[in-house]
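For chain H, the structure is supplied; the task is to place chain B on it using the hints.
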Amino acid sequence: MSTKTLSVPLPEGLERLSRRLSNRHITPYYYLLPTVIPLLLLTVYPLLRGIYLAFTQYNLYNKDTTLVGTFNFIELTTNDTLFWGALANNIIWTVGIVFITYMLGLFTSIALNENIPLRGLFRGLALIPWVCPAVVAALTWRWIFDPHFGMLNYALMEIGLIDRQIGWLGDKNTALAATMVVAIWKLLPFSVVMLLAGLQTVPEELYEAGAIDGAGVLGRFRYITVPLLNRVGKIAILLTTIWAFNHFDSVYVLTGGGPGDTTMLLSIMSYLNAFRFFKIGYASAVGVVMLILLLLPITLYTRQVLEDVE
Amino acid sequence: MEQFVRRRLVRYVLAYAWLLIISTFTAFPFLWMLTSSFKARPEIFTRIPVLFPKEPTLANYNYVLTETPAGRYFLNSLYIATVTTLLALVLTTLGAYALSRFQFRMRRSLGVWLIAGQMFPGVLMLIPLFVTLTRLNLVNTYAGLIIVYTMGALPFSTWMLKGYFDTVPRELEDSAMIDGCSRVGAIRRVFLPVAAPGIAAVALFAFTIAWQEFMFALTMMKDQEKYPLSVGINFFVGIAGSVVWGNIMAMAVLIIVPGLIFFLFLQRYMISGLTAGAVKG
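Chains H and B, in that order, are what the protein sequence lines are.
According to my numbering, the stretch in the first sequence is residues 1 to 310, in order.
According to my numbering, the stretch in the second sequence is residues 1 to 281, in order.
Just chain H, with the same shape it has in the complex (with noise of 0.2 Å):
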């Protein structure tokens, strides 16, 4: 394990350079070239280019690109009647989709939390959407949801909570709702994971503690679980508000928008104008459209978990 394997003393100038390129301040980035190179061709060029189309018109057979300033975004918000629609859902969407996500994963991770039998069934129980493709999971869900030979209408009607068959995904009134569904049930099982390790956290003497001191279970609640859990319940809330509010997968799978595009989101708008339609440019401006209102989002995120780190 000697390093003086070089017994012949090297040129001046190739020393020099040898000695600088072993020095501890490049050293690091031997170890990140070569991570650091794709990243940046493969995020930041996509990201810029992605913005620089927004303001063109880009022809995808003849390559032609011809700037166009604003005049794509000035189309979409005056002229598209899609657009406003796709926005809204895409708000209700979200909003509802990470409410109810976190709700159910700290319901669920309470649950976990306490030292009961079989917990590690539920427990895998509970996480296993996590490995179901969002195509099978709307597939799966699809026929569920099925008016004629779905289960979903089949129980409500046993049960007698409805009277005649619903089409779920077919029925504007519930078609936006039933996608949702699949969305918090793909997003649930991150969300009991952050939760239930946010918990796990929480000594158990500060439970006994809190009882001793005479706090109720709601009290325990309320002054102790809510504020340990603070920070991972952040971070669990900006990344579901993040991935539901970019999500295409199984909305493409399930309604593919329809019916009358009451389950139309911007992503899926962005995407059939690029493939469809063709419309680059056009649909570039509403990918831009959706970073411009992730910006808040992507930037508590980021600030959130350098600061735990630091």
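Don't read these hints as lab results, they were simulated from the structure.
Some clues are possibly wrong.
Straight line, CA to CA, 25 Å or less: simulated SDA-like cross-link-like pairs of lysine to any residue [stated by the list, open to error]: (1) Lys172/H x Gly238/B; (2) Lys226/B x Arg276/H; (3) Lys63/H x Arg135/B; (4) Lys54/B x Ala215/H; (5) Lys54/B x Pro147/H; (6) Lys63/H x Leu47/H; (7) Lys54/B x Leu156/H; (8) Lys234/H x Asp166/B; (9) Lys63/H x Thr141/B.
Only some residues are given here: those of chain H computed to face chain B with a beta carbon under 10 Å [as the list claims (entries may be wrong)]: (10) Pro46; (11) Phe99; (12) Ile159; (13) Ile162; (14) Tyr252; (15) Thr302.
Simulated DEER-style distance windows between Cβ atoms [unchecked claim]: (16) Tyr63/B x Leu218/H: 51 to 61 Å; (17) Ala17/B x Gly216/H: 14 to 24 Å; (18) Glu307/H x Glu2/B: 45 to 55 Å; (19) Ser109/B x Lys63/H: 24 to 34 Å; (20) Lys63/H x Met177/B: 47 to 57 Å; (21) Ile162/H x Ala17/B: 51 to 61 Å; (22) Leu34/B x Ile116/H: 50 to 60 Å; (23) Tyr52/H x Phe52/B: 48 to 58 Å; (24) Leu218/H x Glu2/B: 42 to 52 Å; (25) Arg105/B x Gly216/H: 50 to 60 Å; (26) Ile116/H x Met106/B: 42 to 52 Å; (27) Pro34/H x Thr35/B: 51 to 61 Å; (28) Leu293/H x Val257/B: 35 to 45 Å.
Glycine is no exception: its CB is placed at the ideal position from the N, C-alpha and C atoms.
Okay, now just chain B, sitting in the frame of chain H:
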């Protein structure tokens, strides 16, 4: 004391009741998928849905594996996901090690980028990547998808792994280096074995991304025989219609099984890796 026991009992009952409700919600679709994949046609189209088939049959699997390209899709997915995982492992281990162990300029901005990099709208990235990959003749190739997926896995994996590496004491390599190891030797012999659980989590994460992804694959792959499973199953539903639920569910089981096996083995690592950055315990 009696009151204490009673309270505890109430808590248990409440916990069980809730867990039963929520696991019905999360696990029912899986049960439905699994049992339906063994159903013959008459049991699929019944007014009263049948949960467990009375005469289970392998006909759906037989049909899917012999009459549809599902086997081909499976191999495509396996190839894409495996190469993505290997690439991601090498790249993230190097990057995360540097972020965890060295001080250098731009360290903070790189961190910011890693955290924020995974948050941008997928469609916004998809369009320029599609345009660029078209120019490079990488559309409709496995390589194109592998590049995109590796990119997708990189930022979060690197950050997650850095969090894990931070928990491995620096003295470990230092003492190995004092004993005469080079840094690379110290990493290979001493550091990596200790950091293995974190690396396993990254493997699972990268594999899952590549195995489940849909939107990019849908856009990039033109030839049917190059479809990965996620696009393949959707394509199959598109041409066969929803009348063949038994077949579709058999295909769905094929998609889920590898992920499920991975998950069962690596669940603990995945969870500790995911929460390492978020929870300081």
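Hint check:
1. At most 25 Å may separate the alpha-carbon atoms for a hinted pair to count; Lys172/H and Gly238/B meet this at roughly 22 Å.
2. A distance of roughly 21 Å separates the Cα atoms of Lys226/B and Arg276/H; the hinted pair therefore holds under the 25 Å criterion.
3. At roughly 9 Å between alpha-carbon atoms, Lys63/H and Arg135/B fall within 25 Å of each other, so this suggested pair holds.
4. Between Lys54/B and Ala215/H, the direct Cα distance comes to roughly 54 Å. Violation of the 25 Å bound is thereby established for this hinted pair.
5. A distance of roughly 24 Å separates the Cα atoms of Lys54/B and Pro147/H; the hinted pair therefore holds under the 25 Å criterion.
6. The suggested pairing of Lys63/H with Leu47/H holds, with an alpha-carbon distance near 19 Å, which does not exceed 25 Å.
7. A hinted pair counts as satisfied when its Cα atoms are at most 25 Å apart, and Lys54/B with Leu156/H qualifies at roughly 24 Å.
8. Between Lys234/H and Asp166/B the CA atoms are separated by roughly 23 Å; this keeps the pair inside 25 Å, and the hint holds.
9. Between Lys63/H and Thr141/B the CA atoms are separated by roughly 20 Å; this keeps the pair inside 25 Å, and the hint holds.
10. Evaluation of the Pro46/H hint against chain B yields a held restraint, the C-beta minimum of about 4 Å falling below 10 Å.
11. About 16 Å separates the beta-carbon of Phe99/H from the nearest beta-carbon of chain B, more than 10 Å, and the hint is not met.
12. Interface hint status for Ile159/H: violated, as the beta-carbon distance to the closest one in chain B is roughly 14 Å, over 10 Å.
13. The beta carbon of Ile162/H comes no nearer than 15 Å to any beta carbon in chain B, farther than 10 Å, and the hint placing it at the interface is violated.
14. For the restraint placing Tyr252/H at the interface with chain B, the shortest Cβ-Cβ distance is roughly 8 Å, inside the 10 Å limit, so the hint holds.
15. Contact between Thr302/H and chain B, as hinted, is supported at the beta carbon level, the nearest pair being about 5 Å apart and thus within 10 Å.
16. At about 56 Å, the beta-carbon gap between Tyr63/B and Leu218/H stays in the expected band of 51 to 61 Å.
17. Under the hint 14 to 24 Å, the C-beta atoms of Ala17/B and Gly216/H, about 20 Å apart, fit the expected range.
18. Judged by the Cβ atoms, the range 45 to 55 Å given for Glu307/H and Glu2/B holds: they are separated by roughly 47 Å.
19. Checked against the hint of 24 to 34 Å, the C-beta distance between Ser109/B and Lys63/H comes to roughly 33 Å, which is consistent with it.
20. At roughly 53 Å, the beta carbons of Lys63/H and Met177/B sit within the given window of 47 to 57 Å.
21. The hinted range of 51 to 61 Å is not satisfied by Ile162/H and Ala17/B, whose Cβ atoms lie roughly 24 Å apart.
22. Separated by about 26 Å at the C-beta atoms, Leu34/B and Ile116/H break the suggested range of 50 to 60 Å.
23. The supplied range of 48 to 58 Å is met by Tyr52/H and Phe52/B, whose beta-carbon atoms lie about 56 Å from each other.
24. Checked against the hint of 42 to 52 Å, the pair Leu218/H and Glu2/B fails, with Cβ atoms roughly 22 Å apart.
25. Range check, Arg105/B to Gly216/H: about 54 Å between beta-carbon atoms, so the 50 to 60 Å window is met.
26. Between Ile116/H and Met106/B the C-beta distance comes to about 49 Å, which sits within the given range of 42 to 52 Å.
27. Under the hint 51 to 61 Å, the C-beta atoms of Pro34/H and Thr35/B, about 47 Å apart, miss the expected range.
28. Under the hint 35 to 45 Å, the C-beta atoms of Leu293/H and Val257/B, about 38 Å apart, fit the expected range.
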